[in-house]
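**Student:** Just so you know, the protein sequences line up as chains A and B, in that order. Adding 226 to a residue's 1-based position in the first sequence gives its number in my numbering. Adding 805 to a residue's 1-based position in the second sequence gives its number in my numbering.
Worth flagging that the hints you see were computed from the coordinates, not collected in a lab. Everything numeric in this text was worked out from a predicted model, so none of it was measured. It is possible that some hints are incorrect.
[What the hints assert, rightly or not] Partial chain A-side listing against chain B, Cβ under 8 Å, derived: (1) Gln317; (2) Leu448; (3) Ser521; (4) Phe526; (5) Leu533; (6) Ala535; (7) Val538; (8) Ile541; (9) Glu542; (10) Gly543; (11) Val550.
[Claimed, not checked] Just the calculated beta-carbon pair ranges, DEER-fashion: (12) His537(A) <-> Gln847(B): 21 to 31 Å; (13) Ser479(A) <-> Arg885(B): 36 to 46 Å; (14) Ser251(A) <-> Ala859(B): 53 to 63 Å.
Beta carbons are placed, not taken as given, at the ideal position from N, Cα and C, and that holds for glycine.
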Amino acid sequence: MAACNKILLLDDDEDLLDLYREILSRLPSKPQIYTALSGARAIALLESEPFTLLLSDLSMPKMDGLQVLAIVRRKFPQLRTAVLTAVPDEQFRARAYAIGVDIYFEKPGTSQEIKLFLDCIESLLGQEVHGAFRGVQSKSLVDIIQLECLSQSSSALKIANGVQEGKIWFQNGEVIDATARDLSGEPAFQKILSWKTGNFEILASDPERPRTIFKSYQGLLLESAQAFDEAQAQAIAEVSNSDSTASEIAERSVVASISRFNGVEFVLLQSSEASKQTGSWSVENPEQLGEWTKSTLQTFRELGDILHAGHVGQIEGLGLQRHVAIASQANKELCIGFQRSLSVEQIRSSMKTILAEYVC
Amino acid sequence: MFSSKKRRPSLVRLSTGCFTVDRDGQIVASTLPQAFPLMQVQEIAHRVLKTFHAIQEANLPLTEIIVNYSALILTARELRGGAIVYLSTRSLAHTVP
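All chains should be modelled from the sequences, with the hints used to inform the complete structure.
**Tutor:** As structure tokens, then:
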């Protein structure tokens, strides 16, 4: 039997909390409802026991809803969060979604709106119990492929990894074809499986699609897993080796690939955890540039937290001699110098491709 | 069904506007709404100046920085030791570059 859902309601108005409690008690799943009158109290409750959903108001004294949600998203990433507010404001909606809330409700005013609100809440709770949408989203690509095959599905799975896009075709639960950029068949399948993040979409099947993959899906996944394990084992072995390593050579090759992008003047790639540079190309003083990259990203990350402006996507620096773009992704920090003739849009486009293809 | 609140503490809005800061970190002029907390303006100014100093120390001849947040775009231009800073909120219709 599924564990009972627990909802934590946060609002500074006691009367409203009573009203919400009454309304939410009509939910078919009969969740337990807890209430908190302040952000601090809500966080203390969340720390003391697991909850399924936090339903928070925005306008509150001392610690407002955005502040609470920013803390909660970081401390309890699995917790579902929803905003219930009387502030009908596009900006707060955008900021709430930027923080990562699951849904933003304006306080319902009619019985129809209350019904819709309850349906949404029930759906959010159901997703946790049954592992539906978010469950699938949080699963790896391997899990998604297994789900398609086990359900004997005939469909096409479209996967986007930044600017890269791939497709895998299924016929009666078997993988029959795959494409990824200029690759097709098994190499494309392996390439797609090497992507660690991305979005996917399940499309209608294409019965006319010719079969190019004849291995079972278990065999394909096993090969991918073996390749991944071997790469990991190699990486671990090489980390323990203090001399120049194959992983470093691989990173240098990444830097070299980035350097071939149109208008790139220099490249620096480093770990965001250690001060050690992973690789650089055409940089006069990599230590200094690495330090600047790290401190600039940190400075604006902290500022984003203070302003509740969300995640820092990318920072561009424009100059009379050259432009610079820095970004952080997958525990790596990247700083690239671009020719001055490139526009900000061209730099953004190049960075998007580079981050998707080489920094993941 | 839902009643309105008796008291409504105001949320701090991210605002679109600009301000200038001198080399000493003093805010010289601002088009930001008065509701936008001065402390946050000073915090932005402090970090922008710090970044321009770091840019000089790193020998990077940059005169403008654009910081792309999920909900805000911050653009700062170096201005004779100070800076002019533009804040532009991002709506849900915008896409993150």
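**Student:** For a quick check of understanding: which of the numbered hints are violated here, in increasing order?
**Tutor:** Number 2 - this is the single hint that the structure violates.
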